[in-house]
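Visitor: Residues per chain are reported as follows:
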Amino acid sequence: MAAKVGRRRTVPAGDGQGGAHATGRRVRRPDPVEAAGTGGERAPERRRALVVTVSDGVAAGVRQDVSGDDLARRLDELGFGVDRAVVPDERARIEQLLVAAADGHAMILTAGGTGLTPRDVTPQATQAVIEYEVPGLPELMRAEGGRSTPYAYLSRAVAGVRQRCLIVNLPGSPRGALESLAALEPILDHALVTLAGPFDHDLAPDGDRTPAKASRTRAPHHQSS
Amino acid sequence: MAAKVGRRRTVPAGDGQGGAHATGRRVRRPDPVEAAGTGGERAPERRRALVVTVSDGVAAGVRQDVSGDDLARRLDELGFGVDRAVVPDERARIEQLLVAAADGHAMILTAGGTGLTPRDVTPQATQAVIEYEVPGLPELMRAEGGRSTPYAYLSRAVAGVRQRCLIVNLPGSPRGALESLAALEPILDHALVTLAGPFDHDLAPDGDRTPAKASRTRAPHHQSS
Amino acid sequence: MAAKVGRRRTVPAGDGQGGAHATGRRVRRPDPVEAAGTGGERAPERRRALVVTVSDGVAAGVRQDVSGDDLARRLDELGFGVDRAVVPDERARIEQLLVAAADGHAMILTAGGTGLTPRDVTPQATQAVIEYEVPGLPELMRAEGGRSTPYAYLSRAVAGVRQRCLIVNLPGSPRGALESLAALEPILDHALVTLAGPFDHDLAPDGDRTPAKASRTRAPHHQSS
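Chains as they are written, first to last, in this note's numbering: chain W, 1 to 225; chain C, 1 to 225; chain H, 1 to 225.
Note that these hints are calculated values from the structure, not bench results. Each residue gets a CB set at the ideal place from its N, CA and C atoms; glycine is no exception. A couple of the hints might just be wrong.
Anything over 10 Å on all C-beta distances counts as not near chain H; from chain W, calculated [claimed, not checked]: (1) E45; (2) R48; (3) V62; (4) D69; (5) R91; (6) A92; (7) V129; (8) R147; (9) R175.
These stretches of chain H come out as covered by chain W in the derived footprint (C-beta under 8 Å, 3 or more residues) [what the hints assert, rightly or not]: (10) 105-118; (11) 132-142.
All chains should be built: construct the whole structure from the sequences, respecting the hints.
Guide: The structure is reproduced here in structure tokens:
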């Protein structure tokens, strides 16, 4: 019933080893983060993210999954282990996939189905399965996207948390998807570290706005990607 | 029970034929859009919009409907066929009107009832009848309005879709109503074209941010009105 | 069962009488506002605000309530009579407190419990007890906070109205709490005057954006605090 979640790793960014430098793009490659609960002896695991392409056309095999490929490549650059999935624009299918995948991933990014039409149901599916919303993330994506095009404000994207997994809707267009992810990048690490716990507010107070990593995350909103 | 929806056309903008030029205002008069389903032989129909003034005072005849008049005039300039309605600040009445009118209009703009008091119920009525929200539109209206006055952030305006009709709450003050509409203008055409369908995501992908009309809609957010 | 609401007045701001000037900080001290229903003969009462610190650590007595102290001091400067309360991060306890306190206060500010973790439940508790949301206030706090740090967008703060009492969630960090309050200050007076009524839209139209006090409230968003 539910869509398959592939655990295939995505190809590295650029055109290979030196590609990033050769093309003038600077790839931020942060230290891998240990998965919660793993012992110190094993090599540290990369956080796992799932990219879900929501598209009738891609699901039917009549359309290339450019947005999904781009997002997976960028997440790989950011140090995530990336899984992929594709579902048609059907609410029940999307919900099933999110429910099944939340437990095994630190983050799920969906691409597509956030537009104005009745066929766009990704936000409704997301709202149905999250435990609570994180409204600032869509606000940030729309405000940042609005600097490129006012159409960014038509995205009905939702973000929220289910089982400590951060679920974020991105637009379906390649440019919109990557720009939205770029808007989140300055706060993504902090968000996922917070969600990984522990939840002792006295050690790591909620809403703490001066973490040790502040200098890095205070980079300008628009990072070259 | 439900308020009457008048199908009277509004007067043209400015002081007549040459008024727009005479006063130095540039009136954007886009090509009329064919209503969905009409044949190619008939003269193209203008998209129909409904302006709903929500006001106890206007409904009781003791207050002039300045905001409604201004909105109707501006929509006429933008190429819409405009209907008008007036309801008091009563939630059931507003809901009935929206439900009755959604089918026959591409867009419904309400003016009034978005403030902080218990008597302001337009957002609640709107939320009760829409199929899904379009949260970026109120965000955009508040952010743009906030450039003129921070009070713009007190508007509880909601936007959403019912039966492919885009319903947007605007503030009740003439200035707030017109400024909010101005904030939406760069994306209104694209939103209504998208809602009119068809919903084939492969031909017209959701969230597509580079439509053919991009050059026109990329105009600065604040258009002279 | 419910947390106690202390009616102790907070200490004045600064280091005493001349402290504000001595330190170069300009303290806005607006005229006190008469409480609704009091006669003209009595000295005008200050509007009452409640500061609720939501924190397991503060409630257990193992952590200092810096945010609560800072917020109370600032509200005193702004002319409010300030009450204080502390609750742990438990949804039922927060809801009980908000319900009990809404009737006696013009405004309740919570501090804490707005982060990403499952232990952060202040927004959910707030949503459960308000009659309607005022979404622009969190939008404004996140957008203004985002000028200092992108982490401001991780706040899940909610604002709304219950029994004419404006309830606003602020982040738990001292800096985040004070900056969020500062973002609201330009519109706070207008919001509370509106909520105090009367609700005659024809005398005081909802959404009126040109009130008599406009010149003062049009001050820049970021006020020195």
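Visitor: Decide, holds or violated, for the assertion that all CB atoms of chain H are farther than 10 Å from the CB of R147 of chain W.
Guide: Holds, because the least Cβ-Cβ distance between R147 of chain W and chain H comes to about 13 Å, which exceeds 10 Å.
Visitor: For V62 of chain W, is the shortest CB-to-CB distance to chain H above 10 Å, so the non-interface label stands?
Guide: holds (37 Å)
Visitor: Count the residues of the stretch 132-142 of chain H whose Cβ falls closer than 8 Å to any Cβ of chain W, and tell me whether that reaches three.
Guide: The restraint on the stretch 132-142 of chain H holds, since 3 of its residues have a Cβ under 8 Å from chain W and three suffice.
Visitor: Taking the shortest Cβ-to-Cβ distance between R175 of chain W and chain H, state whether it exceeds 10 Å.
Guide: holds (21 Å)
Visitor: How does the stretch 105-118 of chain H fare against chain W when you require at least three residues with a CB closer than 8 Å, holds or violated?
Guide: holds (count 7)
Visitor: Should the label of R91 of chain W as a non-interface residue stand, given a Cβ cut-off of 10 Å to chain H?
Guide: holds (23 Å)
Visitor: Holds or violated: is the Cβ of D69 of chain W farther than 10 Å from all Cβ atoms of chain H?
Guide: Fine: 27 Å to the nearest Cβ keeps D69 of chain W off the interface.
Visitor: Regarding the assertion that E45 of chain W does not contact chain H, is the least Cβ-Cβ distance greater than 10 Å?
Guide: holds (21 Å)
Visitor: Would A92 of chain W pass as off the interface with chain H, using Cβ distances and a cut of 10 Å?
Guide: holds (26 Å)
Visitor: Measuring Cβ to Cβ, find out whether V129 of chain W lies farther than 10 Å from everything in chain H.
Guide: holds (15 Å)
Visitor: Using Cβ atoms and 10 Å as the threshold, tell me whether R48 of chain W really stays out of contact range of chain H.
Guide: With a cut-off of 10 Å, R48 of chain W remains clear of chain H, as the shortest Cβ separation is near 18 Å.
When held up to the earlier numbered hints, the structure conflicts with none and fits them all.
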